[in-house]
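Protein chains: 2
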Amino acid sequence: MATLKDLGEYLDLSVTQVSRALNGHSDVNEKTRLRVQQAAKKLNYSPNIAARNLVSGRSGVMGLVSRVPVGEASDNYLDVIVGLSAQFAKRNKQFIIHIIDKNEDEIEAYRKLVNSGAIDGFVIVEAIINDPRIAFLQEKSFPFVVHGRTPNENNFPYFDIDNYGVAYSLTEHLIKLGHKHIALINGLEGSCYSAARLKGYQAALAAGRLPFYPHLIRSGGMYESLGIVSTVQLLTHTEIKPTAIIAGNILIARGVYKALDALKLDIPQHISVVAHDDVLPRFRASAFYPALTVTRSALESSWGPLAEYLCGTIEGVPLKKLQQVAPFEFMTRASTAAVNNIKI
Amino acid sequence: MATLKDLGEYLDLSVTQVSRALNGHSDVNEKTRLRVQQAAKKLNYSPNIAARNLVSGRSGVMGLVSRVPVGEASDNYLDVIVGLSAQFAKRNKQFIIHIIDKNEDEIEAYRKLVNSGAIDGFVIVEAIINDPRIAFLQEKSFPFVVHGRTPNENNFPYFDIDNYGVAYSLTEHLIKLGHKHIALINGLEGSCYSAARLKGYQAALAAGRLPFYPHLIRSGGMYESLGIVSTVQLLTHTEIKPTAIIAGNILIARGVYKALDALKLDIPQHISVVAHDDVLPRFRASAFYPALTVTRSALESSWGPLAEYLCGTIEGVPLKKLQQVAPFEFMTRASTAAVNNIKI
DNA sequence: TACAAAATCCAAAACGTTTCGGATTTTGTA
DNA sequence: TACAAAATCCGAAACGTTTTGGATTTTGTA
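Taken in sequence, the protein lines are chains A and B.
The first sequence maps to residues 1 to 344 in the working numbering.
The second sequence maps to residues 1001 to 1344 in the working numbering.
Hints are computed from structural coordinates only; laboratory data are not their basis.
Some clues are possibly wrong.
DSS-like, lysine-lysine: derived pairs with alpha carbons at most 27 Å apart [claimed, not checked]:
hint, chain 1, residue 1, chain 2, residue 2
1, A, 180, A, 90
2, A, 5, B, 1112
3, A, 102, A, 90
4, B, 1090, A, 112
5, B, 1264, A, 258
6, A, 42, B, 1140
7, A, 42, A, 90
8, A, 42, B, 1090
9, A, 176, A, 264
10, B, 1258, A, 264
11, A, 199, A, 264
12, A, 112, B, 1041
Please model the complete structure; the sequences and the hints are all you need to start from.
Below, the structure written as structure tokens:
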């Protein structure tokens, strides 16, 4: 493996100049730079990462800490890993996942990794309210980026979608169709995005001068099973039955469809259904009949910004450039209709 | 972050001795070693990995190269990643996955990674006959370990299960029950394990003095869909209909069960079914009715040896200690019966 | 006690890169 | 041409570790 020294000897240049030429510094003659670049290619030079890391004091490794994903939770976990991995690779960073045991303390795992110096920064997914991971890393002033954001001040890099807007739009859409009992099958209680969606939902209700029924809110892991269970529960409630259901994602929506089918209720004649579509490759909204009305925002498009922002943080890019709330589209399709008064 | 130099000054020792004390060299007084270790803990010392890598000439990173997993293929891919990641973490190695694009050349990706010096060794999964990855890495004499092994000479580290034996046992079991038309729904053609299983199947047929019907062999990605399609095809063949089916794994078996149900054929009254069970956490053999007769060998138990063997290769452990063919269990359950003569 | 052997220690070099501070050369201007 | 400014270059230090080759101290034996 050729080194800078080899190149220097070959070109009769100092190691310094070779290094600076390759790294695009300004104080090197363009002709020289060209010669160096050609020589580098010819001698198949590739910088020694360990040496570079040693002087930079960084490791070039980005990490994601998570527990072993089990059951339904693992369904889209792979997409996260693959997506982030590809994006970091593009930026010449390594990306590792650190799996922690069931009964291992999460913060302790972060502490170890931070102390080891093996990792330059973390990606935090599934942020929760008052997230201890964020608190810990902020206290250590260690670089990280968050997928999502908190209801509090967010003085850290993040990429998020407009969850408030998503819920507001879906609710508003249903209200305009005359629905007064609108159920929300939300994500895990305590998660930031669920909180944001609940707020959006409540705001739309308030704007439509509709009362808020806590009973119409369901929460849990965003999987098919939650959709099934919640739908059945909502529709067996004796007093307030929803005439419309907002599903937190496509998996939940699938559960809702299955349950409604089992309950012999038609969409949208008996019940309207809407959802948010993360455009998960393996769970397509197009598979729904009747076609599902959704807000749409591809989860896949978050990996690029997340990687970018984390690298940016480490390189000292100002915070304002490392925060983004991505928009969403509204796709009106066939799963919603004006409310009717069929007793169900 | 404390360095060796800090420790040396604190203890009034040379950097050399501190290093040797911590690394367990013999020429350091036990009392000194103790002092050093205590000081290291007290000053929260943790070795700088970049510096260590620089002098060792290694990166401490193990890699897995793969294409973006799509569709059914992604189902157990996560288990591979998580399993290997955890095992390497246990050995203080980093583990990264390198995702390559649809139209990117695989060997070229390996070449780049090898040249970059960013990676110490590779894990190769899904080995195929005359695998170009193995050929490339062997030619470069670059460390790697293979999940599986080839039909040729295997002068490299590997961990495999006894695929020949699996197929032989399953086939023999069915032959003993009087079956003469035994179908094999195998993995991808060209893959090493499929080839081994085919050989085991044929050997058992030969031992039972039964003819080999190529029509009874099906191949493909080992997913439910293959099981469904193959079963229907096998049973709509006009001449030779199998009275028993060997499914390559649990997913295929699930497809077989579904297809047989759809075809209104009973297990084992009309058809016997056996399978190999990799003990995938999300696809349990216990979910089958009637209970499925299987050979069993947990895929999960391969990640440890694979990580161990790859680390061993790099450290120069002799090859004999880096090769293993794991055994399997035979579990006779309710999905097999003596052949009968019901015309189907 | 004397001397060899064993035990314990250390200074310096090496890994390959980046960067600091300054040196040298070229260019521009009067 | 003379001199300042700009452009281009370089030596040396630094990052933190391991290892080499030898120095020093302690122990064992006669």
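Now for the hints, and whether the structure bears them out:
1. Among the hinted pairs, residue 180 of chain A with residue 90 of chain A is inconsistent with the structure: their alpha-carbon atoms are about 49 Å apart, more than 27 Å.
2. Restraint check for residue 5 of chain A and residue 1112 of chain B: the C-alpha separation of about 22 Å stays at or below 27 Å, so the hint holds.
3. For the proposed pair residue 102 of chain A and residue 90 of chain A, the alpha carbon gap of about 32 Å is over 27 Å, so the pair is violated.
4. Proposed proximity of residue 1090 of chain B and residue 112 of chain A is supported: the alpha carbons are some 13 Å apart, at most 27 Å.
5. About 25 Å separates the Cα atoms of residue 1264 of chain B and residue 258 of chain A, which keeps this hinted pair within 27 Å; it holds.
6. For the hint pairing residue 42 of chain A with residue 1140 of chain B, the CA-to-CA distance comes to about 19 Å; that is within 27 Å, so the pair holds.
7. Proposed proximity of residue 42 of chain A and residue 90 of chain A is supported: the alpha carbons are some 24 Å apart, at most 27 Å.
8. Between residue 42 of chain A and residue 1090 of chain B the CA atoms are separated by roughly 40 Å; this puts the pair beyond 27 Å, and the hint is violated.
9. Note on residue 176 of chain A and residue 264 of chain A: the hinted pairing holds, with a Cα-Cα distance of about 26 Å set against a maximum of 27 Å.
10. For the hint linking residue 1258 of chain B to residue 264 of chain A, the alpha-carbon distance of about 25 Å falls within 27 Å, and the restraint holds.
11. Between residue 199 of chain A and residue 264 of chain A, the direct Cα distance comes to roughly 32 Å. Violation of the 27 Å bound is thereby established for this hinted pair.
12. Proposed proximity of residue 112 of chain A and residue 1041 of chain B is supported: the alpha carbons are some 13 Å apart, at most 27 Å.
The structure does not agree with the numbered hints 1, 3, 8, 11 stated previously, though it agrees with the rest.
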